[in-house]
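Residue numbers (numbering that gives the first Met the number 0), protein chains in the order written: chain Z, 0 to 143; chain F, 0 to 137.
Worth flagging that the hints you see were computed from the coordinates, not collected in a lab. Hints should not be assumed to be uniformly reliable.
As the list claims (entries may be wrong) - Computed footprint of chain Z on chain F, listed as stretches where at least three residues anywhere in the stretch have a Cβ under 8 Å from a Cβ of chain Z:
1) 19 to 26
2) 30 to 36
3) 39 to 49
4) 75 to 87
5) 93 to 105
6) 118 to 132
Even for Gly, the Cβ is constructed at its ideal location relative to N, Cα and C.
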Amino acid sequence: MNIAWDAFTPWASLAGGALIGLSAALLILGSGRVAGISGIVGGLLKPGGPELPWRLAFLVGLIGAPLVWGLFAAPPEAQPVAGTGTLVLAGLLVGVGTRYGAGCTSGHGVCGLSRLSPRSLAATLSFMAAGFVTVYVVRHLIGG
Amino acid sequence: MQALIALVAGLVFGVGLLLSGMANPAKVAGFLDLAGPWDPSLALVMGGAIAVALPAFTLAKKRSRAWAGCALTLPTANRIDAPLVLGSLAFGAGWGLAGYCPGPALVSLGMGSAPAGIFVLAMLAGMAVHAWLTRSRA
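Construct the entire structure; sequences and hints are all you get.
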């Protein structure tokens, strides 16, 4: 295996991860809810109900984060890797997949593993494996 | 109170994603590309997140009320079934194709990214498809 040391950002990634963990801790202990982004977004598709206000508030904070970030620092590097057709296909797969799979990187990967849930471990291993295989196919079999 | 804490949690989550590199699709692809020059950074994102969240969830399992006064609800599903595995495989394929998972896509939308906007619209459509296909059981 060939490590990309020039791209490796251990401290920023560890600190960013710790903030994500802090957010999940705050939401479960403070608001009593799991920080699963796909569940929060998917839940908005069912109109009304007592879960609506906290879900909307969480998403306002999430989407507003770059504005707050911009008050203190330059925007972080963000380089897209896919064209429009691929983005549409990928978005559909992520939308359908996270709802059938009942979670994504946050709900299963962070919160579920932190709960020591075997179900979330199975989900995390599944989406990680699919991610690795997909990038291998796209970059090395089709694009190589 | 529940919503106010959620607002702060969403903000902290978003800043964490921006700092970690998760909101950069090229970096996500660099992590998922084991056969190329591999960037292991994102493994540390998950490690850092779990290191902080694990004690909180351990505590949460012993509590029935949140600080905001509302009920503290943890997931109860524990079956490892076909929808879980197949859904997660589809999600992982989409994540690999675009380099976006739901949280980073929404944060990137907040950065004004047009590709993230296209991805989020398609993701919402995918979620709506699921809601429609499962409507009779809802």
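Next item on the list: Please write out, lowest number first, the hints stated earlier that are contradicted by the structure.
Entry: none
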